[in-house]
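Novice: Chains as they are written, first to last, in the working numbering: chain A, 748 to 1076; chain B, 748 to 1076.
It is possible that some hints are incorrect.
In this list, chains with the same sequence are indistinguishable; a pair is considered to hold if it fits within one copy or across any two.
As the list claims (entries may be wrong) - No more than 25 angstroms apart at the CA atoms, straight line, and that leaves these computed lysine to aspartate or glutamate pairs for DMTMM-like:
#: 1; residue 1: K863; residue 2: D1048
#: 2; residue 1: K1035; residue 2: E887
#: 3; residue 1: K911; residue 2: D938
#: 4; residue 1: K1035; residue 2: E912
#: 5; residue 1: K1000; residue 2: D1024
#: 6; residue 1: K911; residue 2: E876
Hints are computed from structural coordinates only; laboratory data are not their basis.
2 protein chains.
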Amino acid sequence: MAILVTGGGGFVGFNLVEALLARGEEVILFDSGALPAVAQRALSGHARQLNVARGDIRDAAQVIQVFESHRIDYIAHCAAVTSGAAREAREPAAIVDVNINGTLSILDAARTHGVKRVVYASSGAVYGEALYRLARLYEESPVLPLSLYAITKFAAERVCARMKELWQTEVVCARLGTVIGPWERNTGVRDSYGTHTQLAALAVAGRTAVLTQREVRRDWIYSRDVAAGLLALLDARAPRHPVYNLSSGMEWKGAIRGWCEALKSEFPDFDYRTAADDEQANIWYTDKDRALMDVGRIAQDIGFVPRFGPREAYADYLEWLKATPDFWR
Amino acid sequence: MAILVTGGGGFVGFNLVEALLARGEEVILFDSGALPAVAQRALSGHARQLNVARGDIRDAAQVIQVFESHRIDYIAHCAAVTSGAAREAREPAAIVDVNINGTLSILDAARTHGVKRVVYASSGAVYGEALYRLARLYEESPVLPLSLYAITKFAAERVCARMKELWQTEVVCARLGTVIGPWERNTGVRDSYGTHTQLAALAVAGRTAVLTQREVRRDWIYSRDVAAGLLALLDARAPRHPVYNLSSGMEWKGAIRGWCEALKSEFPDFDYRTAADDEQANIWYTDKDRALMDVGRIAQDIGFVPRFGPREAYADYLEWLKATPDFWR
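So here's chain A without its partners, still in its complex pose (with noise of 0.2 angstroms):
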């Protein structure tokens, strides 16, 4: 089958993409940045099931083109801006036309060329306050989106639901947990990297981690498992539900403290500590303590199950790591 896979240069795009041409799939790579030199030399090997197209989902014109240049039996939807505070004051504008347009966008080209599904990466933020109200959060657990980013992934989550409802075009939107690992950059549209990210680049810096002196509470996911989880709602046969949680399901106790450990045995020069009282901690973290995501329903329904709990997942993203020092230049 020929995938096409929007935002494929991002954090989740390009896990994706991996995963596809690992399985032997075609894959249409559609982003509006350059693919760094050290991305296309992880693909290098898969070049005559790669295609790569440059363009920006707000244009129609050049959303059309990738249609008419390539047979797409799939979509999977992951061009977003993931936007921070700042830029949501300065240019919202550019985050609604690309987060709810462009997915409208990318529905209607779906419909006008027949394609089979769309599974569109959608975001846990989309839960809102209720991710520090609820003890767990299931799918149809009540939402008040807060950010710009969060607000419009949920309008564009509903615009799915609506669209198959008036086109029929087969559509399903994954709600992603707090993803960690290999391939999160600046892409020009990402505002703020992941704790894991951070303490990474220190490592390979041979610098020190100060840590604040307690952890966020988080149902990370290892992008690796996110990518497995989109490619099973690609592959199932007919996903009952509109939304699906896509999240690890439980908690990783101590998961902070436990990949400066495992980054400590690879980069001898690196070191963390836990700041002092008076003291300001060199990293932050991914917004406060958060509800659990459930994922029951992707299990039941779908058959996927995550495969990383931290200690698989720190063992391979330090792999990467290793193999891809060029990534941190």
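Once you've looked at the hints, dock chain B against the given chain A.
Specialist: For chain B alone, kept in the frame of chain A given last:
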């Protein structure tokens, strides 16, 4: 004060324009369509207070033009595409553009031009599934917007809340109930008419209405109460909440047959009856039974209480019908 009313030629907008003019305010009526002669005549006594500006809120240059041509202290943002399913299937992008991007554009102009407050006319439709599942709808009740109209109205509400936080732009949202009353007409962006309007049209034409056997349950609100509620939100010293329900807060029992009786008293050629078992009604109802929207918050915070029950609303509406016969030509 000078108030910009976007969508000022529409159903809700025009009722608000009338109320503002009656109170002696200066109004800038902004609309994408031309005002019909009957509407122009209705405002003709207030020519010195009124500025009519034609333009599309999707066009940034046209929005800027309005702000540069007029002092604007307050904005009532009523412009929207009130879409039905056919339009949602046909031109979803235009609906997203007007209802979300257009709202953002108005907020941006409000910030730039030091507007004191924006009141956004949202809709009870945002509750979506909750309208049919819960007994009573509070502003904090969970939402699941279903139609593209509802999805975009909810997204716009959340955009208002977020940009208020980021820009300190004063904005408050009103979730309107099911509005009945004068001036509901085909503006090009309203896809269906309320039951009361359909019956009024039959009455003026001297025809017979065939009703369904059972009425829908609904907390209708009279359009002049909606205008008064929006005005109260413009006037309020400091609304404590981002969103207020604006409905009558009570079920109008036998509202449809009551309206038919009222129409019969003024239009002797009009009649109505209930459809036989094998017969189709010739009017349709706005949606199905809905939960009532609680109006305790707007009463408590803003001091606004609707004045029109069915009796008062029908008397006033009949007066308008008699005084405005050319509305139906």
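Novice: Against which earlier hints does the structure fall short, listed by number upward?
Specialist: The structure conflicts with no hint, since it agrees with every one listed earlier.
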